[in-house]
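Number of protein chains: 2
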Amino acid sequence: MKQALTEKEIVRKIDSGGILTPKGFKAGGIHAGLRYSKLDIGVILSDSPASCAAVYTTSHFQAAPIKVTKDSITKEGKIQAVIVNSACANACTGQRGLDDAYKMRSLTSQAFNVAEHYIAVASTGVIGEFLPMDKIETGIQSLVPGKMKGNAEDFQTAILTTDTVMKSSCFAAEINGKTVRVGGTAKGSGMIHPNMATMLGFITTDANVPPQHLNTALKEVTDITFNQITVDGDTSTNDMVLVLANGEAGNEPLSPEHPEWSVFVQLLKESCESLAKQIAKDGEGATKLVEVSVIGAASNEEARAVAKQIVGSNLVKTAIYGADANWGRIIGAVGQANAYVNPDLVDVKLGSIEMLKASNPLIYSEEEAKAYLERDKIEISVNLNVGSGSGMAWGCDLSYDYVKINASYRT
Amino acid sequence: MKQALTEKEIVRKIDSGGILTPKGFKAGGIHAGLRYSKLDIGVILSDSPASCAAVYTTSHFQAAPIKVTKDSITKEGKIQAVIVNSACANACTGQRGLDDAYKMRSLTSQAFNVAEHYIAVASTGVIGEFLPMDKIETGIQSLVPGKMKGNAEDFQTAILTTDTVMKSSCFAAEINGKTVRVGGTAKGSGMIHPNMATMLGFITTDANVPPQHLNTALKEVTDITFNQITVDGDTSTNDMVLVLANGEAGNEPLSPEHPEWSVFVQLLKESCESLAKQIAKDGEGATKLVEVSVIGAASNEEARAVAKQIVGSNLVKTAIYGADANWGRIIGAVGQANAYVNPDLVDVKLGSIEMLKASNPLIYSEEEAKAYLERDKIEISVNLNVGSGSGMAWGCDLSYDYVKINASYRT
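So the protein lines, in turn, are chains F and B.
Counting from 1, one number per residue, gives the positions in the first sequence under my numbering.
Counting from 1001, one number per residue, gives the positions in the second sequence under my numbering.
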């Protein structure tokens, strides 16, 4: 008898897929004049109100659009339209900013004939400036289905700031005898000139999942994907990841008790992890994707903390930029992490090159290590050898261009 | 009747003073061949065993010399000689490294005729390499009083790595009718090519303070001085601040119950704060000293956390390097800090320029702000308006040179 497939084996990647691959979604993006020439307002529209779950920035300063989106989702846990603008974050804008975000919601409600509490609002761009509401209004009206070209690329482009590439992912699996698809897009390029620091993620799925369970799955998955990337350690006022599940796949409602729940979670995880890595690789000034894998920790949480400490260390990042196999900096970061570490037991590998075994330096070829570090994906593995916890984190190197991008003026 | 002077008014700066200004100390430094041509081994010697207190790195990987110094201090709380080498950190060097650090202590004991447990050992330099013990031995022997020139500058130079300047400070006050002096030196330039990340501080005083009380004062002071500087957020395996109090000022023993205890603490604080600022200003690639002052926090601890978050933000650091008055990045950092923040009440000032009042953006002159940011000392003030806690932190900007210094090879 054949052994049962793992969740990872059941889930398959759809190479050219994205947010419109799941059934029953439309999307578009237009140029409303918030930016010089690029698309700057985008919309995702579900054929019917979809189950919705979202996670938000932990910043004390949550931007106005986040407050409005929370207000919408709280009502029924359903969202049908997501309206997003770039160029202006509408953060630290006081009561006027909050009024503007609600106005953006009501304009979308009227234009798309969708109840206000079925609308999510997101913004990304400069902190402390007000939305140009006349442009927002004209823009939203020109997005109405029929008027807009309506493709995933326009939406994906409209949400970008200093990103150099669009991000998208799509995965599918059979669940309850039905094909279920999860598509996603995201923006975020690090901390970003000028204050456009936001990470936004939008995931669509045709799975049938009630809001409360969708929420459970999203929280579980973001902890090991989006929350494990770092470009420079700064958290934006506008970060948001939002999942819409419209049920058009026709599967019976999923919950943690369903035998195929773990397949759905894996599907969501693959989508989010793919987007998270695309963001890390497109970090400001980045020349390399860095993937850190930690095993042997006291818990998964501690493994993730150690991985994120390594990938976030300026010293590790500059060493990787310079292709310098400086494992002392990896140890420096591990030494600082909020985790149980036995200083006599740590192993460190760069790709397959062993550098430290039970905290003792090994002899390795500097040439081989340097050659490895000149690749465009760098893998660092650490075994703490104190437990069975594991975790990963993703980031990028720190280059001259990072300083250049972030030292320049806002104008 | 005249009002009593504050501690700050009682303490006076001695401009050309340093570790040899307090009575009863000698110091020296020599070139032992650990570095190409610079001085690389230094010693501080007290005429008699001095009360000693020390604070160490919180890294899980404490280097061998730290273990040896702890072992010495634990015996009687007294130290007479401090031996320091640069170029090699003797960290992550296993049992052989620990044996070498003990050997360095015993060589110093023999050369200076001082009991082993009166000797502190410190190292700074590359992680994961062994000390060249033959050079260490010859070096220590040539440091013996009479053979060495014996001045503070030689010691201050011998402990440097990528630092571009020596650091020293000296303050004095009348305590218990006697003149008490506190002198200090430190090294540390950020995270430093290659792994020479260490911050070392050595403070001498002729005050009479028993070890346990000296320890209390040092912990209180380091929390608001050395622990509030950051160059790039990385913590070394070798950090150490050590105070020697030999009692030669002739004052009666000080303790927290003594009416002039607060004057002694202020004396120590001024010395440590001066050194901390010198380190921040000499951070790798730094062009500016950044001083962040936070008031109105729920507690002093929270004020310090917010100040350190701001001064440690890569985005704030690059904006300051680029003279960009990007207050949104300051808000971004405040938003992330581990402190109670009411997002509607925050004030932000750059120098005397008000940028944000009760979390609402103010109109200010971009030209004036840019001109301010082109100075070599930048002051950022934040009022959280939720309590009476206050705190400060110091750091530097993030420049191309930081990347250059840290991306280059270890050779």
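Be aware that one or more of the hints could be misleading.
In silico BS3-like links for lysine-lysine, alpha-carbon gap of 25 Å or less [unchecked claim]:
#, chain 1, residue 1, chain 2, residue 2
1, F, K8, F, K26
2, B, K1038, B, K1013
3, B, K1078, B, K1067
4, F, K67, B, K1078
5, B, K1404, F, K377
6, B, K1277, B, K1013
7, B, K1078, B, K1008
8, B, K1075, B, K1038
9, B, K1013, B, K1404
10, F, K357, B, K1078
11, F, K70, F, K38
12, B, K1075, F, K370
13, B, K1075, F, K404
14, B, K1038, B, K1070
15, F, K404, B, K1377
16, B, K1219, B, K1075
17, F, K404, F, K8
18, B, K1370, F, K404
19, F, K38, F, K78
20, F, K277, F, K377
21, B, K1277, B, K1078
Here chain F is said to cover these stretches of chain B; the calculated rule only asks that three of the stretch's residues, wherever they fall, bring their Cβ under 8 Å from a Cβ of chain F [claimed, not checked]:
#, region
22, 1057-1064
23, 1319-1327
24, 1357-1367
25, 1391-1405
Hints in this document: simulated from the structure, not taken from any laboratory.
We put the CB at the ideal spot given by N, CA and C, even for glycine.
Hint by hint, here is what the structure shows:
no.	hint	verdict
1	F:K8 with F:K26	28 Å, violated
2	B:K1038 with B:K1013	30 Å, violated
3	B:K1078 with B:K1067	16 Å, holds
4	F:K67 with B:K1078	59 Å, violated
5	B:K1404 with F:K377	21 Å, holds
6	B:K1277 with B:K1013	15 Å, holds
7	B:K1078 with B:K1008	29 Å, violated
8	B:K1075 with B:K1038	34 Å, violated
9	B:K1013 with B:K1404	36 Å, violated
10	F:K357 with B:K1078	37 Å, violated
11	F:K70 with F:K38	28 Å, violated
12	B:K1075 with F:K370	46 Å, violated
13	B:K1075 with F:K404	53 Å, violated
14	B:K1038 with B:K1070	28 Å, violated
15	F:K404 with B:K1377	21 Å, holds
16	B:K1219 with B:K1075	20 Å, holds
17	F:K404 with F:K8	40 Å, violated
18	B:K1370 with F:K404	17 Å, holds
19	F:K38 with F:K78	30 Å, violated
20	F:K277 with F:K377	11 Å, holds
21	B:K1277 with B:K1078	28 Å, violated
22	1057-1064	holds (count 6)
23	1319-1327	holds (count 6)
24	1357-1367	holds (count 3)
25	1391-1405	holds (count 6)
Violated hints for the displayed structure, listed by number in ascending order: 1, 2, 4, 7, 8, 9, 10, 11, 12, 13, 14, 17, 19, 21.
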